[in-house]
Amino acid sequence: MTVRTRFAPSPTGYLHIGGVRTALFNWLYARKHGGQFILRIDDTDQDRNQPEALQPILEGFKWLGLTWDEGAEVGGPCEPYYQSEKLPRYQEAVRQLLDKGLAYWDYARPEETKTEMELAEKEKRPKIYSRRWMAETAADRARFEAEGRTGSVKVKMPREGVCKFYDQVRKDIEVQWAGEQDIVIQRSDGTVTYNLANVVDDFDMKITHVIRAEEHLSNTPRQIFMLEGLGYPRPEYAHLPFVAEPGSKNKLSKRKIPQYLKNADFKKVYDHAKAIADRIGALAAPESFNPVLVDFYKQVGYFPAALLNYLVLVGWATEDNREAFTLAEMVREFSLERVVQNPASLDVKKLFAFQARHMQSLPVAEKIEQVLPFLVRAALVSDADAARAFVSRVVEAAGPRMTVAGDILDYDYLFLPDEQISFDPAIATKHLTAAFKGATVVPSLAEMLPKLRAAVASAEPFAHDTLKTATEALAQTEGAKAGPLSQVLRVAATGYEVGFSAYDTLAVLGRDRCLARLDRALKASV
RNA sequence: GGCCCUAUCGUCUAGUGGUCUAGGACGGAGCCCUCUCAAGGCUCAAACUCGGGUUCAAAUCCCGAUAGGGUCACCA
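Going by the working numbering, the letters in the first sequence line up with residues 347 to 872, in that order.
Please keep in mind that the hints were generated in silico from the structure rather than gathered at the bench.
Take every hint as true, because none was put in to throw you off.
Here are the in silico distance ranges between beta carbons for each label pair:
1) Asp770 / Thr812: 25 to 35 Å
2) Asp624 / Asp858: 28 to 38 Å
3) Glu438 / Lys597: 28 to 38 Å
4) Pro456 / Thr483: 22 to 32 Å
5) Ala492 / Thr461: 21 to 31 Å
6) Pro604 / Thr483: 47 to 57 Å
7) Lys597 / Glu712: 30 to 40 Å
8) Asp617 / Pro456: 39 to 49 Å
9) Thr358 / Arg477: 29 to 39 Å
Pairs of lysine-lysine, BS3-like flavour, derived with a Cα cap of 30 Å:
10) Lys600 / Lys620
11) Lys600 / Lys613
12) Lys797 / Lys776
13) Lys644 / Lys695
14) Lys510 / Lys595
15) Lys600 / Lys696
16) Lys613 / Lys644
17) Lys473 / Lys510
18) Lys614 / Lys602
19) Lys408 / Lys695
20) Lys597 / Lys695
21) Lys432 / Lys446
22) Lys869 / Lys783
23) Lys695 / Lys595
24) Lys613 / Lys595
25) Lys408 / Lys696
26) Lys797 / Lys869
27) Lys644 / Lys620
28) Lys597 / Lys608
29) Lys613 / Lys696
30) Lys510 / Lys378
31) Lys814 / Lys869
32) Lys614 / Lys595
33) Lys468 / Lys595
34) Lys552 / Lys510
35) Lys408 / Lys378
36) Lys517 / Lys378
37) Lys613 / Lys695
38) Lys517 / Lys595
39) Lys614 / Lys600
40) Lys502 / Lys517
C-beta atoms are modelled at their ideal positions from N, C-alpha and C, and glycine is treated no differently.
Build the full structure now, drawing on both the sequences and the hints.
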């Protein structure tokens, strides 16, 4: 039998990082066993369904490289893959359940149900419906309807016995049927709810393995009840530990960002990304700028491979506890048996570390392609093709300093026109003073800058080594330290105190731009 | 509250009865390197929730307590 797994997002928002983890495990399992991965859209709830929120979800999956064999956009033999298009099919299933006496029409008003449940909680009883407004005959239905009530259909759960099932992660599970609530499967407006649609779809789409987050564990008995009533085969189940909040075991929620920002690591990663976003300018979708959503990472230049590599380790590990996996290696190694049982909190700092590794191992040529779109969006580069050679020098000089593609914007001063460099004489003076530490007299900036300019101007070729030699020679004759002196050059040429090697920085700028900037600095310091 | 799940460094985890004075990674601290910032190298601190069993032997098996979490919708 071919393995078929699925992920079924609701188009109610952006792609959630916990959802991606679940989708990844489904994808890996299908790939590992030569099966199919299906992307179905759970849009049964019309009120909450936002059509415009579907596209970013699909794009997120495409960006990650989690391709689906059947489902949204691509179609397939089990169409439709949108639940909103299957209402008659679901209603037919409801009718079957009704005919077999496994479901019933119910006429309780929402507030009546609520009162019963509140009473049950108060009396510390299980919340089980009394079936007081259950209508089993046409006469009963007519009577309730005469009272002005509208009916919904509820599944009639057994009140004795146990439901046993095997879960690939949780192993043997046993629950008392008597504790299972009669849930609504068809609303009073005729639409159906998640549990029913889910069972029907999994059957229609021949899903063999239901791999989903642990919060669905408690849905499993009623789904088993329904699928057996409908005569469907039971799929294999695997309930994954859910992805928890940073530093806590609570379920991750995209609405709690302000709270997560109190976590120092989380804030660091957020701030780093925010700085990039600010340099790019207006974000396409500010509400998606949230480390709980994959769009966040996409926007600032994280790599799908790094994100996936981090995510596969949230709730899964190999025996040798290895960490680096390519997608192909994950497929080879993955198994449900090694899924961990306890919830794992999201550690964005660790994700960041994975990204750093991936960036470091990327060849320069590929880094350039990753980085160019960011330069274009920040309006630092207008012609990407023409800029390649220069960008290549910057990327090379930056070495292991870039972690995400957006980090290229840290070197904006190399792309900005000379007149936009803001030079601060006070900062340059600070470094100059350090260069003359121990000396009796510290020359003024106005005095030293021309000497530095002259030293640098004579470097031939205009490269790291010659610039270094020239600066050191000047330091020697002036009785200064070369190190801090190079910082003076950096500040004069870039306006910044940090960056890669000052000599490399000058070399990348080139003689002309360098001298022009030093001249401007000179003017500013007299 | 009922039902269910879970419990190893701050975090992700390895560990399935002796090889555990518990290993790795991220994060943290320190040192080295150094023109700044990174990167890199070396070193350090840091955990088996508790209590009972079973056993010659328990992080590992059993029971209980405790703690955390999930779920109990005409949401998915």
